[in-house]
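Input sequences plus hints: build the corresponding full structure.
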Amino acid sequence: MSDATTIRPELTQAALEAAPPGRLKDDPILITFGMLKTFGGIRAVDIDHLEIERGTITAIIGPNGAGKTTLFNLLTGFDQPDRGSWRLDGRLLGGLPPHRIARLGMVRTFQLTKSLSRLTVLENMAVAAQTQRGERLERALLRWLWQPEEARLRERAQALLERFGLAHMAGDQAGTLSGGQRKLLEMARALMADPTLVMLDEPTAGVNPALTESLLEHIRELNAEGVTIVFVEHNMDVVMDISDWVVVMAAGRILTEGPPQEVVANEEVIDAYLGRPRDAADWEEAEDA
Amino acid sequence: MDFDIIFGNAARAGLGPQAAIFALAAIGLNLHFGYAGLLNFGQVGFMMLGAYGTAIVVATWGGSLWLGIPFGLGLCVAFALALGIPTLRLRSDYFAITTIAAAEILRLLIRSSPATDITGGPFGLQAIANSFFDLNFLPDGRFGWGTFSYSSNQLWVMIVAWILVVLCSALVLALIRSPWGRVVRAIREDEDAVLSLGKNTVAYKLQALVIGGVIGGLAGVIDALQQSGVGSENFEPQVTFFAWAALILGGLATTVGPVVGAVLFWFLREGVESFIRELSEQGWLPNALADFLDGAEGAISVVLMGVGLVALMALRPQGIFGRRRSLHLGT
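Protein sequences, first through last, are from chains A and B. Residues in the first sequence are numbered from 1 upward in steps of one, following our numbering. Residues in the second sequence are numbered from 1001 upward in steps of one, following our numbering.
To be clear, the hints were calculated from the coordinates, so they are not data collected in a lab. Since the model is a prediction, treat every value here as computed from it, not as a measurement. Incorrect hints may appear among the rest.
Just some of the chain B residues that point at chain A, by a computed CB distance under 8 angstroms [claimed, not checked]:
no., residue
1, G1181
2, R1182
3, V1183
With beta-carbon atoms standing in for the labels, derived distance ranges [unchecked claim]:
no., chain 1, residue 1, chain 2, residue 2, range
4, B, L1109, A, G165, 52 to 60 angstroms
5, A, D3, B, L1173, 51 to 59 angstroms
6, B, R1089, A, E10, 27 to 35 angstroms
Think of the CB as a built atom: it goes at the ideal place given N, C-alpha and C, for glycine as much as any other residue.
Right, dumping it as structure tokens:
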């Protein structure tokens, strides 16, 4: 048995050899195999095999209804697949509740930002920490057990807020933040949980161009620090700008995957998602008529 | 018009055992809804279990009151778990419906004839609080001025009840200011977000439900003690809604809100009732109206309280102590 099948025990040698070019990654952090989710008669997600390379930025693109968010929900435990298995760092995640998956290092954000409105920005950050033992009821009243950790958390949170340009709002209730600031806060909060893999569901939706630029900068920095990033995005400029790898979904299936330049030139992708620009030929036809 | 009588009656109710009982129930609800976002419409069920658990041990089984109280509170823990484990995974509105139904089922079971041997059925249980009043070190007689006065035993109940109110308020405040409380408040804001950050939200909600339920159970214990008995007619659904009214009046998610709300609720309720009674006794009302109100002062008082609450919601929806700013951020 080769190395390739030891990290992918669900796949037969034959299936491995038949895998489309690019699908097998050298060092996959996430491997999904045979994942199916149906809603009524619709196959919302139907993926034979998907791998995410460790340390990369992977974009998932595709038309609305392609199953991108459903895939996020399945991978992070917020929804249960009809069948399929997936591994994070070799560990099977099937059947685990979302909080357990998050603790294993896969942390997600949501398409519609979920800021904790009536908590302060700093509290939003602190609640994401995985190291505060005072969160257990039996220790809640024993202040001396968690006070030192609380001080460390505050420092870490403050540093992250500084980096995301939110430090001046640390004491404000998160509900007073603008939409863009909430996106930043949600990303900063996800980092506070110390993830190895971050799943961002449309990080730039509803964010103005200047803020988008700084969001992307943060994503890049994060990636440089070794965090693997998967994100759903409709803005092709963003996709082309920061992703190392692009996975195209349509009707629940993976249409194709590859480096961004290659994917945008793919005829199938153009038909299913990108659309054709009104090129010169169209105009000439129109003028002739 | 004797304002001394009206004010005396109102103050007696506002500081009396009844107000302390509702303050405790509202403190529990505040933890449930104000902090954890759990819509509990069955707080009376917890009060009932606290009261009946205590009374059954003493009156039915001939046990000690000091065993009965922990037994009653233990029943509250069991009720919270039985209620919470199947429903807390569901959306909050399902939970709300379950709580109101469960509390009412419990009351009907308690007063049903098969249960009569244990619960006394429609007759309830009596003479349960002797060992509590044996501890009363206050001299006999009445304490206070005019209508604002209490018997020695009432005052003894009040002292214990208000001490419990202070202790429970302090407990909830300490819990809420801890990292545990931060997670609980975060769940109130958005459960999915908290799940995505690696917290077992169901466990936190269950813990909050148990603690708030046991505080509600304490309210029931005090109720059983002050009447030295229990009766199922004292645990109708309106009890829950009076506790809610007190909580909303005082202000959600504040420490003093439920306490001041309960005091004010009983102060106003008794004050308005006394006021109407005085009006008709002094002949200041037209005869027809006086006849109409005769004997219905209590009901009219509740009606007016309802109108007052509606006005409060329109003018100051955050309650007396709540922060308006927070309200607008509510999602």
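Going through the hints against the structure:
The restraint placing G1181/B at the interface with chain A holds, with a minimum CB-CB distance near 7 angstroms, inside the 8 angstroms limit. Because the smallest distance between the Cβ of R1182/B and any Cβ of chain A comes to about 5 angstroms, under 8 angstroms, the interface hint for this residue holds. Hint status for V1183/B relative to chain A: holds, with the closest Cβ pair at about 5 angstroms, below 8 angstroms. For the hinted restraint 52 to 60 angstroms between L1109/B and G165/A, the CB-CB distance of approximately 59 angstroms keeps it satisfied.
Here the CB-CB span from D3/A to L1173/B is close to 57 angstroms, well matched to the stated 51 to 59 angstroms. Between R1089/B and E10/A the Cβ separation comes to about 29 angstroms, which falls inside the hinted range of 27 to 35 angstroms.
Against the hints set out earlier in the document, no violation occurs for any number.
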